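Peer 1: What follows is the residue order along each chain.
There are 2 protein chains.
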Amino acid sequence: MKKVNFSAGPAILPQEVIKQAAEAIIDYAGTGLSILEVSHRSKEFVATMEKATALVRDLFQLPDNYAVLFLSGGASTQFFMAPMNLLNEDDKAGYISTGSWAKNAIKEAKAFGKINVLASSEEDNFKYIPKNYEIPQNLKYLHLTSNNTIFGTQYHQWPESPVPFVCDMSSDIFSRPVNVSRFDLIYAGAQKNMGPAGVTLVIVKKDILGKVSRYIPTMLKYETHINGESMYNTPPVYAIYVSMLTMQWIKDNGGLEAMAQRNEAKARLIYDEIDRNQLFYGHAVPEDRSQMNVCFRLHDESLEAEFLKRCAEKGLDGLKGHRSVGGFRASIYNAMDLEGIQKLVDLMQDFEKEKA
Amino acid sequence: MKKVNFSAGPAILPQEVIKQAAEAIIDYAGTGLSILEVSHRSKEFVATMEKATALVRDLFQLPDNYAVLFLSGGASTQFFMAPMNLLNEDDKAGYISTGSWAKNAIKEAKAFGKINVLASSEEDNFKYIPKNYEIPQNLKYLHLTSNNTIFGTQYHQWPESPVPFVCDMSSDIFSRPVNVSRFDLIYAGAQKNMGPAGVTLVIVKKDILGKVSRYIPTMLKYETHINGESMYNTPPVYAIYVSMLTMQWIKDNGGLEAMAQRNEAKARLIYDEIDRNQLFYGHAVPEDRSQMNVCFRLHDESLEAEFLKRCAEKGLDGLKGHRSVGGFRASIYNAMDLEGIQKLVDLMQDFEKEKA
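Residue numbers (my numbering), protein chains in the order written: chain A, 48 to 403; chain B, 48 to 403.
One or more hints might be untrue.
Copies of the same chain are indistinguishable here, so a pair counts whether it falls within one copy or spans any two.
What the hints assert, rightly or not - With a straight-line Cα cutoff of 16 Å, these simulated EDC-like cross-link-like pairs (lysine to aspartate or glutamate) come out:
(1) Lys-356 with Asp-397
(2) Lys-50 with Asp-74
(3) Lys-268 with Glu-348
(4) Lys-49 with Glu-386
(5) Lys-49 with Asp-74
(6) Lys-98 with Glu-401
(7) Lys-49 with Glu-360
(8) Lys-98 with Asp-384
(9) Lys-268 with Asp-74
(10) Lys-139 with Asp-171
Calculated from the structure, these hints are not laboratory results.
From a predicted model like this one, the values you see are computed outputs, not experimental measurements.
Please put together the full structure from these sequences, using the hints given.
Peer 2: If you want it as structure tokens, here you go:
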């Protein structure tokens, strides 16, 4: 039975990408060697790195004053690396608290400057994205988490920021067009829409760097990796290769506009069923619902285990909700197709009929 | 033509490992999913992580008071993470300067304490491993680089250290038995004997931690990853999986004693030819020669390009020496067999006959 992978991350990748990714393990770019054992300085891998960088530039139509970096350490490393590179001790930054990852970003940033939490939806278990807060002009930057994997909320409109704008896009990057010129720093762990775990994308406006006075270890300075073209040290070769393949797949399938259209249609299919079905309800408020992570529950919680068992029987995998929300979470990243979601919707309908 | 991979890193891996590594891209552990898209919290990957940890413990016969961590960021991250976790600002540490990587370790450590370079072979282009230096008792630790990839030298005997002992074993870990109880912290980028680029092994004696007063970001504290069992955040799943396969291969092939015997025999074959052949000479002094990276040159440098061309024609790949030494470098890690080295030796002999 073919499985449908609803995992929140590491997450579903396109079948075409997986096929090419397996081929390169045996013979990479006609070298006769596995990609796992080639030098990162080989002309073949330098070409892969250049292609990966060019694809990010192409998909986002990046202006020249932005650098593209492939780093390691995940978004959890960016939580401290961003303030370490952007904030002096007495500088202020504003953060919006929209979930567990936003809270971690806030916690790590506090060691490097004065952090103002401008708005939070924590008192309502992060069911919504706060709006209509003031963004003081004296902040060095504003930090947002664009999509909240655990709580299933997503920004559908960016705040007008009078200050530089830093955004953790780990769980919705490449799912829709983004006007990057509104941002100063974007970071994203790869393991949702971009590729396998083990690489982190950073897009940074170069002129915001070099303005803090603290000592920064070489590996933690963005400039090190800009100057080294993401090869200051040995990069995570294979994770970058598979990310390149995935970005090529996005491009071949119409780019970010096409991804956004597909993702809207997919999200509509499952949210319409959640709203129609008598048994289920959604966690997030409708206007802030995520198109990547759909968090939903059963009114009768005692049926949860049974529904999950039925999902497993149908090959619908990874649907157990995060303990912070409970219930179910369907992660429906770029590589998920409508057919996969339809199987889940069919099961929800069957389940409703049975329990009626 | 089958290539022989003499690359310094990322480097040759066993063919059996590559085959299993490719299979898991298509179907991981019978899940019906690619390992690139499974959750790191899945029971299958938790089992892989546990097995990888157990293999490190087993191969090194690790005492219980040592933790095994799989991190990201490479040895270049350990260069600052080790002193950040072990040194207060006024504490002293001793470093031995045996090559480019040792120098980088020294440079990064200087931000976190008082660094004494106890000995250096830099004035002689790092041809030897310094010996007979004094190790002051008041040091917090002594730091060594066990094998110098660029210069082809290696410690064959550890100094008697009266202070805690920190060692970068990136390029010879798993190549020979190590009495870990003599060390307090060992770190190694995977991309030589352990696996593909993208994961870093850390073996740490737990009681040396928690003694510094500076603030350390969560991701940079060893304790975070001890408590999180290397899963505080999403780990580099695939690089850990392939490392596990490689360690299993080492175990199946007799463990570290057997690796050491094979590696001694392989090194003897190539060094004997370098010493015998009228055209070539070695870079390192004989007593400190590396069994992993064999650096050698032609007396007549004008023949270098021709020799490299002949190597390429025979499928002998990755032999160009690092610019700091010039000439050639044959990296002959665990997965290299005698047959591969014999091909290089045969070519050296043919080349000598031609040029006689």
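Peer 1: With reference to the structure, classify each hint as holding or not holding.
Peer 2: Verification of the supplied hints:
In this assembly of identical chains, the alpha carbons of Lys-356 and Asp-397 lie at most 16 Å apart only when taken from the same copy (14 Å versus 68 Å across copies). Taking the shortest Cα distances, Lys-50 and Asp-74 sit within 16 Å of each other only across copies (11 Å), while inside one copy they are farther apart (27 Å). In this assembly of identical chains, Lys-268 and Glu-348 lie within 16 Å of each other by CA distance neither inside one copy nor across copies; the values are 48 Å within and 39 Å between. Taking the closest pair of Cα atoms, Lys-49 and Glu-386 come within 16 Å of each other only inside a single copy of the chain (12 Å); across copies the shortest separation is 43 Å, beyond that limit.
When the C-alpha separation of Lys-49 and Asp-74 is checked against a cutoff of 16 Å, the pair qualifies only between copies, where the shortest distance is 11 Å, while the shortest distance within a copy is 27 Å. Taking the shortest alpha-carbon separations for Lys-98 and Glu-401, neither the intra-copy value of 52 Å nor the inter-copy value of 43 Å comes in at or below 16 Å. Proximity of Lys-49 to Glu-360 under the C-alpha cut-off of 16 Å is restricted to the intra-copy arrangement: shortest distance 11 Å within a copy versus 45 Å between copies. Taking identical chains as interchangeable, the C-alpha atoms of Lys-98 and Asp-384 are never at most 16 Å apart, the minima being 26 Å within one chain and 34 Å between chains.
Neither within a single protomer nor between protomers do Lys-268 and Asp-74 lie at most 16 Å apart by alpha-carbon distance, with minima of 35 Å and 38 Å respectively. In this assembly of identical chains, Lys-139 and Asp-171 lie within 16 Å of each other by CA distance neither inside one copy nor across copies; the values are 26 Å within and 50 Å between.
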